[in-house]
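Chemist: Please put together the full structure from these sequences, using the hints given.
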Amino acid sequence: MSLSSGKACADALENEGYQVTRVDVSRDVGSVLAELKPDVAFNALHGPFGEDGTIQGILEYLGIPYTHSGVLASALAMNKEQAKKVARASGIPVAESKVVNRFAVQNKHPMKPPYVVKPVNEGSSFGVVIVHEGQSHPPQVIGSSEWQYGEIVMVERYIHGRELTCAVMGDVALGVCEIIPTGHSFYDYDSKYVPGGSKHETPAKISPNIYQKIQTLALKAHLAIGCRGVSRSDFRYDDRHSENGEVVWLEINTQPGMTPTSLVPEIAAQAGHSFGDLLSWMVEDASCLR
Numbered sequence: 006m007s008l009s010s011g012k013a014c015a016d017a018l019e020n021e022g023y024q025v026t027r028v029d030v031s032r033d034v035g036s037v038l039a040e041l042k043p044d045v046a047f048n049a050l051h052g053p054f055g056e057d058g059t060i061q062g063i064l065e066y067l068g069i070p071y072t073h074s075g076v077l078a079s080a081l082a083m084n085k086e087q088a089k090k091v092a093r094a095s096g097i098p099v100a101e102s103k104v105v106n107r108f109a110v111q112n113k114h115p116m117k118p119p120y121v122v123k124p125v126n127e128g129s130s131f132g133v134v135i136v137h138e139g140q141s142h143p144p145q146v147i148g149s150s151e152w153q154y155g156e157i158v159m160v161e162r163y164i165h166g167r168e169l170t171c172a173v174m175g176d177v178a179l180g181v182c183e184i185i186p187t188g189h190s191f192y193d194y195d196s197k198y199v200p201g202g203s204k205h206e207t208p209a210k211i212s213p214n215i216y217q218k219i220q221t222l223a224l225k226a227h228l229a230i231g232c233r234g235v236s237r238s239d240f241r242y243d244d245r246h247s248e249n250g251e252v253v254w255l256e257i258n259t260q261p262g263m264t265p266t267s268l269v270p271e272i273a274a275q276a277g278h279s280f281g282d283l284l285s286w287m288v289e290d291a292s293c294l295r
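Its first residue numbered 6, the sequence shown is counted upward by one per residue in the working numbering.
Below, a list of computed lysine-lysine pairs in the DSS-like style, where the Cα atoms sit at most 27 Å apart:
{"hint": "1", "residue 1": "Lys-90", "residue 2": "Lys-117"}
{"hint": "2", "residue 1": "Lys-113", "residue 2": "Lys-90"}
{"hint": "3", "residue 1": "Lys-225", "residue 2": "Lys-210"}
{"hint": "4", "residue 1": "Lys-90", "residue 2": "Lys-103"}
{"hint": "5", "residue 1": "Lys-204", "residue 2": "Lys-218"}
Quick caveat, the hints were computed from the structure, so don't treat them as lab data.
Source: prediction; values computed, not measured.
Modeler: Rendered as structure tokens:
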């Protein structure tokens with residue numbers, strides 16, 4: 006996904022007149038960047054290393070201005086449980102959750118189903134397992150040798166309802182988009198990155214008060230966690246019993262995808278920002294000490 010985002014961004018920035026050098030990041034990235042001496046590093050990486058404060062720390066050390074959030078906000082947002090603590094303290098509604106060793110999940114239900122088990126430090130829905138209501142046994146894959154996502158997992162109350170997301174650009178909340186997975190039970194990796202894996206309703210067809218509430222919460226999360234540049238907050242909205250329903254913040258993405266099927270470019274376009282305009286804004290917004 007990082008390669009796809011990187012290519013899309015590099016192509017668009019060249020079309021905007023920027024001189025672009027494409028760096029396929031490996032462990033020698035520090036020496037490569039020190040030799041290149043770029044004016045700005047456009048970070049198109051996703052997941053651990055690229056999104057968790059690590060590459061941000063390298064860029065800070067080298068004094069190279071970079072896009073997106075800084076070291077602390079990146080590390081905090083990548084740790085789902087710590088990010089939820091900050092969000093909860095800021096008055097943002099979150100789902101009840103607990104952090105446990107993965108082998109504890111194997112033996113008995115850590116909470117009454119339905120619930121979700123997810124890695125604490127992963128993105129793109131990697132390792133997400135949904136335990137449905139009435140399921141007699143906990144998910145055995147979490148404690149098996151197939152599990153690749155660390156020893157500690159977060160168990161979170163499953164929130165019924167619709168998948169909504171809101172992008173923030175600087176200090177402005179953009180539009181709200183509803184994500185409707187196509188042929189998938191939830192918004193998993195294939196729903197996100199395989200063409201046709203999901204349908205996007207931009208703007209989301211929800212009441213104005215819920216729309217504004219999600220914008221307010223997305224901006225509040227962006228500021229509370231200390232994000233910079235562009236971020237995207239994900240929500241669940243349970244409107245089964247009333248239009249006001251329940252809105253729950255799930256997480257914030259400090260490095261939202263910039264692939265052809267990504268949400269932020271689509272949301273930004275609906276707000277009047279072309280893909281090139283969005284990327285140009287991100288480059289001009291780049292800095293150190295973020």
